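Colleague: Each chain, letter by letter, is given below.
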Amino acid sequence: MKEHVYETVYLREKDFQEGRVLFETWVPNARYAWDAGVAIGRFLQELKAGRLVGTRCANCGRVMVPPRMFCEHCFAPIDEFVPLEDTGTVITFSLCYVTWDMVRIEEPQIPAVIGIDGASPGMGIMHLLGEVDPKAVKIGMRVAAVWKPPEERTGAITDILYFKPLE
Amino acid sequence: MGRNRVAIVGAGMTKFVRRAQETAKELAWEAASKALESCELTLDDIDAVVVDTAPEAFDGVHMNSEYLSDGAGGWGKPVIRGYVGGGTGVFAAIQGWYHVASGLFDTVLVVCEEKMSSCQPHPQGAFLTIFDHTTERPLKPNLLWIFALEMNAYMSRYGLSKKDIALVAVKNKRNAADHPAALLGDPNITVEDILNTEVLAWPVQRGDVSPISDGAVALVMCAEHVARRVTDKPVWVEGVGWSLDTAYWTNRDLSYPVYVEEAARMAYKMAGITEPRKQIHIAEPYDPFDYKELHHLEGLLLFDKGKAPEATALGITQRDGDLPVCPSGGLLGVGNPIAAAGLMKVAEIFWQLRGEAGARQVPGQPKRGVAQAWGDLMQVGTVIVLGI
Amino acid sequence: MSLMYRIQHLRDALAWEGEIPISSRYTVGIAGERFFREILENGRLMGTRCPECDLTYVPPRLYCERCFAHLDEWVEVPSTGRVRTYTVVHVDLDGNPLDEPRILAFIQLDGTDGGLVHYLGEVDPDQICIGMCVEAVFKEKAERKGGILDIAYFRPVE
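Chains as they are written, first to last, in the numbering used here: chain U, 784 to 950; chain E, 77 to 464; chain G, 141 to 298.
Chain U on its own, in the form it takes in the complex:
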């Protein structure tokens, strides 16, 4: 099927730098202000107070985090917020040695999906692990949130600095 493949012209990065190909550039001014919404608005307020909170669906009984205004399985509205622990279990993790624009970093960042105690099983949130040797991280590890001091919290997911191993 070679005859059905067009000989597309490929360029090297050098072709741009050395002016062998003409191009235009554009920087869009894509800045946003997203409404936190009813459920996440409350989630952020609770984070500022040093607490994690979820929502329970009266229909299926799931306790969900991040909290949401409606259960996506039952398509029913939720109005019950449930206080959760700030401890949990590592469901999966990674050791990341590059930034988003592919610059290498020495000490890996350790993102993880952490199942939060008090929520239904498998209900995880994404966060970072810290104060832990990368080689020692295991799936199933028990961890606890390390919070910013109250005066530094702003109502953001980063009010939790990271999760560290529970002794």
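I should point out that these hints are in silico values taken from the structure, not numbers from a laboratory.
None of the values given here were measured: they were computed from a predicted structure.
Misleading hints may appear alongside valid ones.
Okay, the calculated bits of chain U under chain E, using three or more residues with CB under 8 Å as the criterion [said to hold, decoys possible]:
1) 788-796
2) 822-831
3) 874-884
4) 905-911
5) 935-949
Quick list of the computed label-pair ranges, beta carbon to beta carbon [what the hints assert, rightly or not]:
6) G:I160 x U:W930: 24 to 32 Å
7) U:Y815 x E:M139: 13 to 21 Å
8) U:C857 x E:Q355: 33 to 41 Å
9) U:E855 x E:K153: 31 to 39 Å
10) G:D212 x E:E116: 17 to 25 Å
Which residues of chain U face chain G? A few of them, derived with a C-beta cut under 8 Å, are [claimed, not checked]:
11) E807
12) A813
13) A816
Idealized CB from N, CA, C, for every residue including glycine.
Fit chains E and G to the known structure of chain U by using the hints.
Modeller: Same frame as chain U, now just chains E and G:
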């Protein structure tokens, strides 16, 4: 059921390259004109056009599909756009299918295009927006995180090693050496080569990741009476399926793609397939990362959960194996222009069933194949079953 | 729990801010490469012709949108044309008033089926009429970069 039979009668594509000189429109035209040429049809024969392409941020053009439409043959015609992340390539063929199956149109041109090289400094800048803006982006995530987290969950669940998974990258990159449009085909690559690449986000290494590319693919799909006129080897669409899981990806079991199973069941039911492993002869599951091929093979019910790695190690998924998987070379070998990659897989099944895959041809005259794509926030499964 | 609450100032709305941190780099394409090089090197405009459809495209295209043929017939086109429509712009992209209003027009180039959207210069807004003849004013060669702004503007022809 009031649905018409639909066949694919032509296919064309551009080379998949890291940076194309062509504009997005020109890429679309290159693929679309090759597709029309391949079945000796002209624009006048086309009743409607499906133009699928990723969100504006990658190509950097607002209303990208409409912008591309003249290059996709859409001038003055009914045109529709679809987009479901990486699932788009197969979904575009499904859109083409229902345009014709509904009886509304006889002949449809399906075009998928991506020019990711426009996105500077790196398409990751746009990919990043897939993370929730409030609960995830403040953690300064890297897109690789999601794949690494999913890969670790899969490996952990079944006790797999990096080597088990690297075998897929080796198979596909070697297969791609025979694909005229391939970016990263390498007939001599070994498992050691993959395992020696730099660790990006453990367990993901550079060798596990498919290359970002520019490219376009097009198909011509038509009703039975047109197909019989145009070719003596129409490839029939026997089943289609698609399913979307919740965007709350951290609440899901990442070790199994349930949404692929749901899409597969829908497609298999339509195709009358009750024993996929026996009745499907060739598979093109989506492989943006090597572990995804394994993940998806299980979701497609072609292997039991956790068993796809074993099948790979035994050579079952090689071109001359019992169930050839990604004979094209997949995304790992040919390249990954988001919307176009999945359609490349559909085109591969098309060429394979007709015996036109050249050096990539799998032996034994396969009669039925499945192509599957996946995308969004690890959410969507799109599946198409083709037969000759 | 009430679903809504009243705020006095927009800044009190619980909104999370962020951006999409990308810029775009567009190649001018296969056809565009020749078009802009001709402007850059030779200060002239070119188009491509589709003999089947009897159309001359400016900006030139690699393919005919009507019959899908590959176009490889390049023709020089005049840099004069007629104003088919125009507008006088008083604000910038963020809605702030411009120091000087700018005039944008669609100019159909003589003898072609296409044209360019560009600025009009050396003319007052109240002197413009649809159908008037204009000509391109090219920048000095040393100032040209191989882009659409190598034409400074179009001005009325005497």
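Colleague: Look at each hint and say if it fits the structure.
Modeller: Comparing the hints with the structure gives:
no., hint, verdict
1, 788-796, "holds (count 9)"
2, 822-831, "holds (count 3)"
3, 874-884, "holds (count 11)"
4, 905-911, "holds (count 7)"
5, 935-949, "holds (count 3)"
6, G:I160 x U:W930: 24 to 32 Å, "holds, 30 Å"
7, U:Y815 x E:M139: 13 to 21 Å, "holds, 19 Å"
8, U:C857 x E:Q355: 33 to 41 Å, "holds, 36 Å"
9, U:E855 x E:K153: 31 to 39 Å, "holds, 37 Å"
10, G:D212 x E:E116: 17 to 25 Å, "holds, 21 Å"
11, E807, "holds, 5 Å"
12, A813, "holds, 4 Å"
13, A816, "holds, 4 Å"
In the structure shown, no violation is registered for any of the earlier numbered hints.
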